[in-house]
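Chemist: Please build the complete structure, drawing on both the sequences and the hints.
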Amino acid sequence: MVFPHYDSDGKKEAYPTYLNEIMNGRTNDTDPSEDRVNFGRLAFTTGFLVRRLNNLLSTSWSDDTTKVKTKITSVQAGLMILIDQNPKVIQAQLLKALDIEGPTLVRSVSRLVDLGLVEKNKSNTDKRAFLLNLTQAGKQTLNEIEKEMTKRDQALEISIDPKDMETFRRVTKMMILKLSRNAQSGNLDGLLHGERGLEPIKRP
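In this note's numbering, the protein residues as written are 6 to 209.
A few of these clues could be false.
Taking lysine to aspartate or glutamate pairs in the DMTMM-like style, the calculated list, with each CA pair at most 25 Å apart, reads [what the hints assert, rightly or not]:
| no. | residue 1 | residue 2 |
| --- | --- | --- |
| 1 | K132 | E151 |
| 2 | K72 | E153 |
| 3 | K74 | D169 |
| 4 | K183 | E106 |
| 5 | K76 | E151 |
| 6 | K101 | D89 |
| 7 | K178 | D131 |
| 8 | K127 | E153 |
| 9 | K101 | E151 |
| 10 | K74 | D158 |
| 11 | K168 | D119 |
| 12 | K132 | E149 |
| 13 | K76 | D119 |
| 14 | K72 | E151 |
| 15 | K127 | E149 |
| 16 | K168 | D158 |
| 17 | K144 | D68 |
| 18 | K74 | E153 |
| 19 | K183 | D68 |
| 20 | K76 | D40 |
| 21 | K125 | D89 |
| 22 | K152 | E106 |
| 23 | K156 | E106 |
| 24 | K152 | D131 |
| 25 | K168 | E149 |
| 26 | K93 | D68 |
| 27 | K93 | D119 |
| 28 | K156 | D169 |
Beta-carbon label-pair distances, calculated as ranges [unchecked claim]:
| no. | residue 1 | residue 2 | range |
| --- | --- | --- | --- |
| 29 | F53 | D169 | 15 to 23 Å |
| 30 | L54 | Q145 | 20 to 28 Å |
| 31 | D158 | N129 | 33 to 41 Å |
| 32 | S115 | D158 | 23 to 31 Å |
Hints listed in this document are in silico derivations from the structure and should not be mistaken for laboratory results. The structure presented is a predicted model; accordingly, all values stated were derived computationally and were not measured. Cβ coordinates follow ideal geometry from the N, Cα and C atoms, glycine included.
Modeler: This is the structure in structure tokens:
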């Protein structure tokens, strides 16, 4: 199936051609004589498109986290958001929600604790578990990160119909829930029903 797309001159062109322009990082100002790669079936392969988009967004996400005073990784920033949204969460819950390896989570949490951004307190009901919360410094750092994330999301949505973005998010969530091994147990219900968009949290 070919979807129409209109170029800057109002001329209709095939969607695959337009997609190839994007994938090769080309714009209307690019010299047309340069070699181009025809992506063929890859232009309609979901896994490839998601992987390509992930690579691009990962770089942007990393840029957001390195702009703050306290240097942390994008994974650690994601953990801080989850901890902030789920006070007194335990590591086992985060492990299931993110589908990441245990050692990776332990290292990331330990790093945040060492930086003074997260605090760990023993659970009164389960001595093996630690409750995680952001410190005041952690909340301030997260505010800085979220401001950068909001700017990035707003930039991504330029020239894209808001309804298309909403559909993209909804379908992406549905695919994650379908493929995740933790979806059936209900651990990812919050992903599908989460609030739309991201706004910096107002701190007192």
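Chemist: Hint by hint, note whether the structure agrees.
Modeler: Consistency of the hints with the structure:
Between K132 and E151 the CA atoms are separated by roughly 33 Å; this puts the pair beyond 25 Å, and the hint is violated. Distance hint between K72 and E153 is fulfilled; the C-alpha atoms sit about 8 Å from each other, no more than 25 Å. About 35 Å separates the Cα atoms of K74 and D169, which puts this hinted pair outside 25 Å; it is violated. Annotation: proposed proximity of K183 to E106 holds, straight-line Cα distance about 20 Å (limit 25 Å).
Restraint check for K76 and E151: the C-alpha separation of about 14 Å stays at or below 25 Å, so the hint holds. Straight-line distance between C-alpha atoms of K101 and D89 comes to about 17 Å, which keeps the hinted pair within the 25 Å bound. Only pairs whose Cα atoms come within 25 Å are accepted, and K178 paired with D131 is rejected, the gap being roughly 32 Å. Simply put, K127 and E153 have alpha-carbon atoms about 33 Å apart, too far for the 25 Å limit, and the pair is violated.
About 24 Å separates the Cα atoms of K101 and E151, which keeps this hinted pair within 25 Å; it holds. Under the criterion of a C-alpha separation no larger than 25 Å, the hint pairing K74 with D158 is consistent with the structure, at around 21 Å. A C-alpha spacing of about 42 Å is found between K168 and D119, which places the hinted pair above 25 Å, so the restraint is violated. Of the pairs offered as hints, the one joining K132 and E149 is violated, with about 34 Å between alpha carbons and a cut-off of 25 Å exceeded.
Taken as a hint, the K76 and D119 pair is honoured in the structure, with Cα atoms around 12 Å apart against an allowance of 25 Å. Simply put, K72 and E151 have alpha-carbon atoms about 11 Å apart, close enough for the 25 Å limit, and the pair holds. The hinted pair formed by K127 and E149 fails the criterion: a straight-line CA distance of about 29 Å is larger than 25 Å. Annotation: proposed proximity of K168 to D158 holds, straight-line Cα distance about 15 Å (limit 25 Å).
Distance check on the hinted pair: K144 and D68 sit about 19 Å apart at the alpha-carbon level, within 25 Å; holds. Distance hint between K74 and E153 is fulfilled; the C-alpha atoms sit about 13 Å from each other, no more than 25 Å. As the CA atoms of K183 and D68 are separated by approximately 30 Å, the hinted pair breaks the 25 Å bound. About 39 Å separates the Cα atoms of K76 and D40, which puts this hinted pair outside 25 Å; it is violated.
For the hint pairing K125 with D89, the CA-to-CA distance comes to about 13 Å; that is within 25 Å, so the pair holds. The straight-line distance between the Cα atoms of K152 and E106 is roughly 29 Å, outside the 25 Å bound, and the hint therefore fails. Between K156 and E106 the alpha-carbon distance is near 30 Å, which puts this suggested pair outside the 25 Å criterion. With a CA separation close to 36 Å, the supplied pair K152 and D131 exceeds the 25 Å bound.
Distance check on the hinted pair: K168 and E149 sit about 28 Å apart at the alpha-carbon level, beyond 25 Å; violated. For the given pair, K93 sits about 28 Å from D68 by alpha-carbon distance, which is inconsistent with the 25 Å threshold. For a cut-off of 25 Å, the pair hint linking K93 to D119 stands: about 18 Å separates their Cα positions. At most 25 Å may separate the alpha-carbon atoms for a hinted pair to count; K156 and D169 meet this at roughly 19 Å.
Roughly 20 Å separates the CB atoms of F53 and D169, a value that falls within the hinted 15 to 23 Å. Separated by about 37 Å at the C-beta atoms, L54 and Q145 break the suggested range of 20 to 28 Å. A hinted range of 33 to 41 Å holds for the C-beta pair D158 and N129, which are about 39 Å apart. Range check, S115 to D158: Cβ separation about 29 Å, and the 23 to 31 Å hint holds.
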